[in-house]
Structures are given as C-alpha cells and as structure tokens.
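So the chains spell out like this:
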Amino acid sequence: MFKTIMVPVDLAHADKLSDAIGVARDLATQYGSKLVFVAVTASTPGPVAHNPEEFGRKLEAFAKEAGGDAAATSHVIVSHDPTADMDDKLVDAISEIGADLVVMATHVPGMADMLVPSHGGSLARHAGISVFLVRSAG
Amino acid sequence: MADETVDIGIPEPEGSADIIETDYQIGQDNFETQVGPFRFDFHNPVFVISGVLIVIFTAIALIWPEGSRDLFLSIRDYVKSSFDWFFLMSANLFVVFSLLLIVSPWGSVRLGGSEATPDYSYPAWFAMLFAAGMGIGLMFFGVLEPVYYFGTPWGDQPLGGEIGIVDGVVASEATTAAAREMAMAATIFHWGLHPWAIYAIVALALALFSYNKGLPLTIRSAFYPILGERVWGGWGNAIDTIAAFATLFGLATSLGIGATQVASGLTEVFGSGAGAEGTRNFMGFLWGNPVPEGQSDPNSSVLLVLIIGFITAIALVSVMRGLDGGVKVLSEINMGLAALLLAFVFFVGPTAAILGDFFGGLWAYAKNIVPLSNPVGREDTGFLHGWTTFYWAWWISWSPFVGMFIARVSRGRTVREFITCVLLIPSLVCVFWMATFGGTAISQVIAGATESGVFQNVIASYRPEISLFSMLGELPLASITSTLAVLLVIIFFVTSSDSGSLVIDTITAGGKVDAPVIQRVFWCIFEGAVAAVLLVGAAGTAGLDSLQAMVISTGLLFTVVLLVMCWSILMGLISERRNT
Numbered sequence: 001m002f003k004t005i006m007v008p009v010d011l012a013h014a015d016k017l018s019d020a021i022g023v024a025r026d027l028a029t030q031y032g033s034k035l036v037f038v039a040v041t042a043s044t045p046g047p048v049a050h051n052p053e054e055f056g057r058k059l060e061a062f063a064k065e066a067g068g069d070a071a072a073t074s075h076v077i078v079s080h081d082p083t084a085d086m087d088d089k090l091v092d093a094i095s096e097i098g099a100d101l102v103v104m105a106t107h108v109p110g111m112a113d114m115l116v117p118s119h120g121g122s123l124a125r126h127a128g129i130s131v132f133l134v135r136s137a138g
Numbered sequence: 001m002a003d004e005t006v007d008i009g010i011p012e013p014e015g016s017a018d019i020i021e022t023d024y025q026i027g028q029d030n031f032e033t034q035v036g037p038f039r040f041d042f043h044n045p046v047f048v049i050s051g052v053l054i055v056i057f058t059a060i061a062l063i064w065p066e067g068s069r070d071l072f073l074s075i076r077d078y079v080k081s082s083f084d085w086f087f088l089m090s091a092n093l094f095v096v097f098s099l100l101l102i103v104s105p106w107g108s109v110r111l112g113g114s115e116a117t118p119d120y121s122y123p124a125w126f127a128m129l130f131a132a133g134m135g136i137g138l139m140f141f142g143v144l145e146p147v148y149y150f151g152t153p154w155g156d157q158p159l160g161g162e163i164g165i166v167d168g169v170v171a172s173e174a175t176t177a178a179a180r181e182m183a184m185a186a187t188i189f190h191w192g193l194h195p196w197a198i199y200a201i202v203a204l205a206l207a208l209f210s211y212n213k214g215l216p217l218t219i220r221s222a223f224y225p226i227l228g229e230r231v232w233g234g235w236g237n238a239i240d241t242i243a244a245f246a247t248l249f250g251l252a253t254s255l256g257i258g259a260t261q262v263a264s265g266l267t268e269v270f271g272s273g274a275g276a277e278g279t280r281n282f283m284g285f286l287w288g289n290p291v292p293e294g295q296s297d298p299n300s301s302v303l304l305v306l307i308i309g310f311i312t313a314i315a316l317v318s319v320m321r322g323l324d325g326g327v328k329v330l331s332e333i334n335m336g337l338a339a340l341l342l343a344f345v346f347f348v349g350p351t352a353a354i355l356g357d358f359f360g361g362l363w364a365y366a367k368n369i370v371p372l373s374n375p376v377g378r379e380d381t382g383f384l385h386g387w388t389t390f391y392w393a394w395w396i397s398w399s400p401f402v403g404m405f406i407a408r409v410s411r412g413r414t415v416r417e418f419i420t421c422v423l424l425i426p427s428l429v430c431v432f433w434m435a436t437f438g439g440t441a442i443s444q445v446i447a448g449a450t451e452s453g454v455f456q457n458v459i460a461s462y463r464p465e466i467s468l469f470s471m472l473g474e475l476p477l478a479s480i481t482s483t484l485a486v487l488l489v490i491i492f493f494v495t496s497s498d499s500g501s502l503v504i505d506t507i508t509a510g511g512k513v514d515a516p517v518i519q520r521v522f523w524c525i526f527e528g529a530v531a532a533v534l535l536v537g538a539a540g541t542a543g544l545d546s547l548q549a550m551v552i553s554t555g556l557l558f559t560v561v562l563l564v565m566c567w568s569i570l571m572g573l574i575s576e577r578r579n580t
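Order-wise, the sequence lines are chains G and H.
Counting with the numbering used here, you get residues 1 to 138 for the letters of the first sequence.
Counting with the numbering used here, you get residues 1 to 580 for the letters of the second sequence.
You may find that some hints are simply not true.
[What the hints assert, rightly or not] Pairs of lysine to aspartate or glutamate residues, derived as EDC-like cross-links and limited to a Cα-Cα distance of at most 20 Å, are as follows:
{"no.": "1", "chain 1": "G", "residue 1": "16", "chain 2": "H", "residue 2": "41"}
{"no.": "2", "chain 1": "G", "residue 1": "89", "chain 2": "G", "residue 2": "53"}
{"no.": "3", "chain 1": "G", "residue 1": "89", "chain 2": "H", "residue 2": "32"}
{"no.": "4", "chain 1": "G", "residue 1": "16", "chain 2": "G", "residue 2": "26"}
{"no.": "5", "chain 1": "G", "residue 1": "16", "chain 2": "G", "residue 2": "65"}
{"no.": "6", "chain 1": "G", "residue 1": "34", "chain 2": "G", "residue 2": "96"}
{"no.": "7", "chain 1": "G", "residue 1": "16", "chain 2": "H", "residue 2": "32"}
By construction, these hints were calculated from the structure, which means they are not laboratory data.
Just chain H, same shape as in the assembly (with noise of 0.2 Å):
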C-alpha cells in the first residue's frame, strides 16, 4: 500500500494504522486567493457561508432583539422540554460507551499509529483540554450551583430532595445533611462523567479518523463510515458549517455575558461610579466604570466593550503565538492560578467539611446516577428541564469546538489512556473543585443563615455572576482573592477564545491547520466584534441571549452527530490493529 513516488498517493502509516483510501486531497477544495496585501486559504463554501450565515443572524438579533430573542428562548425551552429523554438516554450512552473502550480491548489503539509518540506531556495536555473546556463554568457555577439546590425554595429540587434553609431558617442537622449531600450529588452529575463524555467521544472520533486514517481534521471526516465519499460533497459541507457558526456563537455570546460577569466582579471589589478608582487602575484605562445617568446597572457598556476588547486582544497575542507558544503557555498559567485559588480555598475554608463533601458527594453521586440521569416518570421536571437538559444541550453544542481542540493536542496517546484522562480524571478534579466552591458555600450559609453573602446573592435575591464574590468575600484576604477570581475569569475566557478561533479557522481551511495567519486573526477579531456588537446595539443583553439560546438549540442536531460519532468510532477501532 505504499507509495514511494513524489505524487500525492497512497500514505504509509507510521507505525501500524488503517489510513482510509479516499481519493480526495487535503485542500482541494481551498480557494487561495490575494485580498490587498493578504494572502488567504480556505475551504469553498463552508468558510463563506458560514461567515454570511453569521452576519445575517447578528443583524437579526441586533434589529429585532426582544422578538428574536423571545423566538429563541421558545424554540429553546420547547427542545430542552421535548426531547428531554433524547438528551439524557444519549448522554448515558456516551457514558457507557466511553467506560466500555477504556476495558475493551481497543484501547490499547494508539491516535497517530503504534508507533506515535506523545505531542504534548500530561500537564500541558491536561491544562489545555481543561481550559478550552470547562473552566470558565467552573468559575461561574462552583458556589452558584450546589448552594441554589441547596437553600433555593423552587420547590423542584433533585430528585424532590430537601430543601436546607427555608425562609432564613436553616433546618434541622439530619436535613441540613440530606439536602447538602443530593446538592453535591446534583453539582457533580452535571459537571462529572456526562460533560467529559461528551466532549471525549467528539474528540476520540476526530483524532483516530485524522491521525489514524488520514482524514482531514474537521468534524466530517467522522462521518466517513456512513457517507464514504459523499462527506466531501453537501453533506460535509453542512456539518462543518453548522459546527464552526455553533462554535462562533457559542463563543462570541459567552465573551459577551462574561464581559458583565467580570464587569459585575471588578464592580463588587474596587466598586462603581465616581469612586471605582479601582476598576480604572486595574483596567489600565481612563474611562471608569460611571453608572450611566438614570440607570442602576452599574457596568456602562463602555466598560463591557472595553473588557471584551481586553479579552480579545490577549487572545490575538496568543492566537499569533500559535498553540505551544500562545495557547498552551496561557493555559499553564490558568491551571496554575486555579489550583492556587482552589488551594486556598481548600486550606482556609472548612476543610474538613470539604473532605466531607468531597467523599460524601462522591458516594451519593454513585448512590443517585441511575435516577438522576432517567428521563422517565421524574417529578422533579424544573430540574430536570431548566439545569439538566440545558447543561445536556450546552455540553453538546460546545462539543465541536472543544473536543477538536482535544482532538488537536491528543496525538499519540492510546485510547484507554486518552479516556482515562479526558473522562474519569477531569471528573475527578470537577468533584474536588465543587466541593471545595460550594461547600465552602453552604458551610457559610448554615453558620450564617440570612447574614451570611452568599445566601443574599443566591438564595435571597438570585445575583449568580457575583456568588463565588460572596463566597470569597467571608474569607480572609478577600481582596487579594478576589482579584485573582477576576483574573482568572478573564483569563478562562482568553483560552477559550484563543482556541476557538484555532478551531474555528481550521474548519474553514477544510481541515489545513498551515492557514495563512490572517485568517485566524480574522476569526479572534470578528467573535469579539460579534460580542461587543450585540452587547453594545441590542438592549442590555437580549442579543447575547437571543443567540445563545440558538445555539443550545443546535445541541439537539449535534446529539444525532454525536450518535453517529459512536457509530463511527466502533467502526474506526474495528479496523485498526491493537497492541498487544
């Protein structure tokens, strides 16, 4: 099967694999072309249309954003209510599909051939998927989430569990217990085994059909086992499409609620109006952080766009820099300042009670994953709609981008090896960080009750973007904390960017990751544009809802994806030769 001639043939492996013959080439399909003074290649159509395609929808959100976005939260809402067992009955397929490779014999395949060695060492491989992946949620949900189910009187809480502080009364021990306990279990469901998951099935599908047979890197190639040739034609086309416009939005509207996040942190620790001197200095500019004249929202849209601009301008250094000498840098400065903040959580919070939540949230996490992740005959439906299936739908709409990103780094690993450290050891680290967070938390809102800031900003009146600030705000050195909490949002939200736009760019060069620089620099620039736009011309952040709540909608598309993905990958492992 080899081919010793100059022309474009039939590969040899490295080492043992299975490469596809297909008689497509790696960018035939690429228009290059001269634009001024740039030079630019990538994929005809799916780089145009998806670029259209993004313009006309952030000019539908911006001229008509109450009514779009009043469009998008129902079709939304009504994808989330109605196929509420196809998300959950897929996502515990995912789960037990990826717990059955790691102990079947195909995974010892290794991504790349027998013979591939590692491209990246485990804790810059592990920095990386974890900081394109999850952290920025990490940061938003840890307190938010285990003490809303916790003390918030919804009446819907996992599984009817109970609730542990009812009208600023905290409850009596044994049901303070049972509710902390379902509340951790809850936590740890929706950041454990299904989100990693997710993200590794995309992931494994894209590098074996890459690396092992040869296939460009684009979410496609994946679909080769059932389109055999076809997948150069229409149909990859759509697929790539739909991915990199979910992938652009997904980011673009996520930088743009961040941007209030961040904005609403700077505002709780230097302050707001004349006095946020604070805000100033940190941002390194003059305009300040003025409360617009009859308005109490304190985050001026001038300082959104200037945060988004920040963001975007970090991102463009390290897009520039490219993956080892941009991306992967600043994701080993996040997971260090993460594990820094968490450390000190861990030491100065109640530790004890965190070791508690940490192994007892585990156990019940064991104890309740069959109920929780069965869609049929729950009672607990506010649950089950409003966090489960939006966090099902969420996961999988983010899935292109991150598990082509952990595609991207993972080469070389075998597939027993990649599923243990793209599922079961990121779990790990979501449950410890969950207990540190939230239990922390609910240990203050049980010693507290209605004093204590957390209870104020969750349960007392719902001021999510602010509950890890009220959290670190009862510690000692809150200030000194909680800018660091401000610095690693921002930075989360850098490596997210910056590898999306690798992502992104590597889509619409039909799979070429050597695309003239350019074009990457076009796709950082265009997702802050798209943000700050819709932050800046639709009122407060309708647009950003609108579009967000449009692209959990594609979740539903990207699980049919994601099924075929399984399919395919069985498919691919069949093939290859294992080591023995």
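Same shape as in the complex, but just chain G (with noise of 0.2 Å):
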C-alpha cells in the first residue's frame, strides 16, 4: 500500500525518536516499503555538523543504523533559515523523494501551539499524502 515512508528526523535529539522510528520500521516491513530518513540543517555550523555535506554523512549513517532490515535511505534539506522554512521545506521533501506515508514523531500538543503549531501538526495540514503523527511518551 505504501512504497515509500518519509521519515523527518531532528539528528540533534535522536533520542526523542525511538517510537517514531519504530512504527515507521513495522509499517516497511508490513508493506514492503523503503524508509526515507530526512532532515534539515543550515548552511551554518550547528550541534550536529559542521557544514551540510557533514551533516548529510551523518544522517546517511544514521539511516542506515535505524532502518534495520528495511531498505533506507536519507535525504538533506538545506535552509537558510531552518526555524521559519521547516514547515514548507518538509511539505516540498515529499514530492522530492515520491513519499506516500510520512511517519513523525511529535510532542503532545500544548498551549504553545495555538501561537506556534508544531511541524508535525503542520505537516499533517499541508501535506497531500497520510501523515502518522506519532506522539512522544514524555
């Protein structure tokens, strides 16, 4: 039913993705899917990497530690301006990379969200395919 599962993942907090990570493996492994890990960084230095090309090394092998025995693979988005473009550059990744599921993990939503919504939720407003928000436990 699902060919190729977009995974967004914040490399600067891995820890946080576990379930997500979880679920998206089931799903390919249930459909017989690829998992695509994506992530986005600017151009300047940051926690995760230096620059984009280490950053995209990172997230390669990164994919392919998560991906277990799913087929995986990883696709970098560069922003200038990461806080602002998430929402769009994560919305325009799925056509990039042909999805038809993405799998993300999220926060239980909160007062914040009326102001700020988060990307999950705002993905799963914009995005034409299915969107599987997978809340965090903590």
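Can you join these two chains into the complex? Each is in its own frame, and there are hints to help.
Given below as structure tokens:
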C-alpha cells in the first residue's frame, strides 16, 4: 500500500525518535516499503555538523542504523533559516522523494501550539498524503 | 581527518577548507527548557546577562533621564575627541586591508569551502546588505549632510573649505563651486569606503570562521586564533554579551529616534493637530496626531508609540516568516522603492548638475581622502569630532550587527567577490545617492537662497528630520514622493529591526540558527518595548539620547575587536587553500 515512507528526524534530538522509528520500521516491513530519513540543516555550523556535507554523511549513517532490515536512504534539506522554513521544506520534500506516507515523531500539543504549531501538526495540515504522527511518551 | 561515524567528530569540509579542530560542540553551553508552554534554547550566560543588563540600563535611563544623558553624552564626547586618532587610523587600516585582500592571492578563497555555491543571487544579496546596514541613514543624511557642509556658517567646514552661502547671500560662482565640491567629498568620505570596509571586516571574519573553520556563527569565533579554546569561556561570553547589548540598544534607540522622524514626516506631509486627517488615514487608526495642550511639539507620544508598534508588528511578521520569506522579501521591496525615488529625483531634479556632483564628487573624494582621513594637525576639529569621529564610532558600534547579518547571507562567495560587493559597489551606490539627493538640494539652495525650503530647515533653523521632505517639496508631485519617502523610512526601519532580531537571537543562542521561533519573537518585541518605554517614560528623547550615546561609546571597544579581526582574517586565510 505504501511504497516510500518519509521519516523526518531531528538529529540533535535523536534520543526522542525511537517510537516513531519503530513504527516506521514495522510499517515498512509490513508493506515492503522503502524508508527515507529526512532532516533539515542550515549551512552554518550547528550542534550536529559543521557543514551540510558532514550533516549528510551523519544522516546517511543514521539512516543505515535506524532502518534496520528495511531498505533505508537519507535526504538532506539545506535551509537558510530552519526556524522559519522547516514546515514548507518538509512539505516540498514529500514530492521530491515521492513519498506516499509520512511517519513523524511529535510532542503532545499544548498551549504554545496555538501560537507556533508543531512541525508534525503543520505537516499533517499541508501534506497531500497520509501523515502518521507518533506522540512521544514524555 | 574524516570521521565517518554518527558521533560528533571532526568533519570533512565541503570541497577544500581548513576546519579548526576543537572539542567545543555548538550548543553545549545552551540551556534548553520549557517555560510555561514555550520551549527555549539559549546560550547560558550570554542570553541572561545581556537581557538583565538591558533592563538595568533602561531603568537607569528612565529613573534618571537628564543625569544619565549628561553622563553618557560626556563619555561619548570624551571618546570622540580623545580617541579621534585611534578611530581614524583604525578605519584607514580597515580600508587598506580590505583593498589589499582583493588583489592578494587569498582573494580566491571561497567562503564555505572551494566547492560551495552562493546562497543568494546578486540582487537579493545586495538588497539585504544594504537594507540592514545603511538604508535608513541615507534617507536621513542624503540631503542634510551635503547642505550642512555647503552652507552652515559654523566655521569648521571640512578641511577649512569655503562656505557657499553667507547670511542668505549666495557666494560667487567660484566659491560656491569649491564649497559644493568639498561638501560632496566630505559626505562621500563618510559614506564611502570607510564604513563599508568596517562592515566588510566583521562580516568576512565571521563568515570565514563559521563557514570555513566550522565554528559557531557568533562574534567570539573570530577570536579563536588569539584566544584558542578560552574563547568558549568568560572572554567569549563577554564579547558576545557586549555585541548583543550594543545591537539591541543600537536598534532600540534608533527605532525610537526614527519614530520621531517618521512622525515629523507625517506631520510635514499631512499636517498635525485637528487637521491631521491624512496622518490618521495613513496610519489606519483613529488616534490622530494632536498637539498636546501647552506644547509646541506636534508629535504626541501616542503617535510615536503607535509608530513603534506599527514598525515592530511588521518586523515581527517578517522574522516569523524567516530569512527568505520575510527579511529578503522586504529588503527587495525596499530596494525597488528606493530605486524608484532615486530615479525620480535624478530625472526630475537637475540631472546635469547631479552627474557633475557624482563625477566631481568622486574626483574630489580621491583628491581629499588622504587629508580627510589624517588625524594629525587638523584645524577643522568641529568637523573632525562632530562628524567624522562620530560616524566612525557609530559604524563600528553597528558593525557586530550588520557584519554578522552580512556573514549570514554571504556563503559561497569568494573573498574577492565578497570585498568587491560589500565594499566597492555599495560605496559607489552611496556616492550616487548622495550626489542625487544632496546635489539637488544644493542646487535648490543656490537657485532659491533664503526662499528655498532646504535653506530654511537645514541652514536657517536646524530641523534635520524634515530636510529630505523640504527637498522633495520643491520638486513636482511632492505629496506622492513625500509619502513614498515616509514609507521607505518605515520599511528601512523594519528591515533593520528584523535582521537585528535574527542576529541577536543567533548570538544569544550560542550560534544556533534553529533556535525556537519564540526567541526571535522575544527579541523583536523587547526591542520595540525598550524604545517605547524610553520615549514615553523619559521626557522627550532624553533617555534615547543617553543610551544612544552609550552605544556609540562602545565603538571604542569594538575598534579593538575589529583590529583583532584583521589579524584573525589573515591567520584564517593563510591556512585556506586558494583556488588557482
């Protein structure tokens, strides 16, 4: 049913992603789909990497490990201003990689989401394909 | 040197570049927390200390407006007159250093590694660095400065030059020609190579150490060659804190003072008091622009606060939409409108005289740049301390903000391209702008003498905020162009405010550019609030004046920072591979 599952990840908070990745992996096994791990970076040095190329290598290694038995690749999005552009860039990535399902970790909505919606919530609102938001327990 | 594991390690550069190996991880000193519903991710202690300092100094200026103004103004004047040689010689060094980089072999080093591609097209890049760095000053000083040198009988004309109009009588043709030439040369001197070299040094140092060396995009990174690992400790915190502090107060004070200019512009165009229908319509709200009882000042504090709120609200939308969706778009709109106004004045004004001022001014600038930039044995101290040193301290105190913003948008350019586009082209544009606005105004003064509006508002009585409107008032379609000018001033303030908020946010987040959006919202509102509180709380602009004087005084400190940056740039470039 799903050929390509997009899994947006935040490498700086990789520890909070295990639930979502587990779900993505199970779905990939069940439907025989391919996993694509997607992450957004700026071109300035950040906590994860010093430049986009290094970021790309880290995402690739992450994808290989997190993908387990499923076929997993990675896709880096370079943004001038990740704080503001993240949501639009993720929507664009869906068509760039030809995904037909998004599995994404997100937090439990709170007051702040009324002002600044979560990336997962925004993606679900704007994506043309199915979006599976996995709430983190914490 | 490559590390293929997921662990944070030494990276492989994009193309060839020379990453500095440090154990410091960006964000390691950051404090991530949830305050109520909002997530924060800021550098500890830079965020906290600069925030607290800003509140303390605002409180001082409020509680003790006159006293703190006298204190800070005397500090500023002491700095300006005692360190004039230091400012002038340093600025000269920055110009020579930048020009040498263009012709040096290091000119081919590319920011971001040898394979990097530019993040922004030329027009977008250019629009952004102009709008952040200088736009608002061009609006304010374009008419004022050349006319002031040309005709104000203050006795300290640049290099002891001629005065073009004495007691309302225009001098002989030879004298006015000489006065006009020197007025243009001195203005160009303040808006040409020197300020842009100051910005270019800061921007280049930050871009080099961030994109090529892999250090966080904050001011402290440029000190790595000198301080080494200590840059992540107290020294670096101090540098970043002062930069954030100077940037916020620089923006807040010019926003506050700028609001009075906008208000004067609105009053000039639409009238004040009960008749200020136009102001009401223009601003789109019901409060008018009433003259408070018993006061002659036509700008009510309600109007001023509304203007600050208006500017801050647009800036807020812009920072939330981000660099590409907000700041860049506004900068481009701004450039378009400014070009329109420039073209109008150029073609409708005395075109031949403007061209004469452009080429003649350039020639006079070349002829006089050495005596103008020489601090020793000068007799025109009024000009030297009142204008030149003031400008140098002002540009330098703004350089952390403008330089960092330029660095943010300049990845992928070679050093040669970078200096050419940050130093030479903006200088030429400024010369043309000054020739057009100042030249037109001087021609009006020569033609109309005491009858001309520019004469009345710059020379006879000193009302700097409406000098531009006086010049436009004597050209056709004045109501349209004056409205356009008010609009331009507002948007220039917005583009300074939004890019400034991004810069402060990045500095106080330890170089992270993906801090939660609420932090940039906080800085943007904080800046507007400081400006509004100072305007309303302290009588008139006393509070703003005092804090602005303090910001200018920090220029002395940052001059030392810039000198260190020159050394760092040299060290950094030597280790880069050049494209041959």
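Evaluated hints:
{"no.": "1", "hint": "G/16 x H/41", "verdict": "17 Å, holds"}
{"no.": "2", "hint": "G/89 x G/53", "verdict": "18 Å, holds"}
{"no.": "3", "hint": "G/89 x H/32", "verdict": "25 Å, violated"}
{"no.": "4", "hint": "G/16 x G/26", "verdict": "18 Å, holds"}
{"no.": "5", "hint": "G/16 x G/65", "verdict": "15 Å, holds"}
{"no.": "6", "hint": "G/34 x G/96", "verdict": "15 Å, holds"}
{"no.": "7", "hint": "G/16 x H/32", "verdict": "15 Å, holds"}
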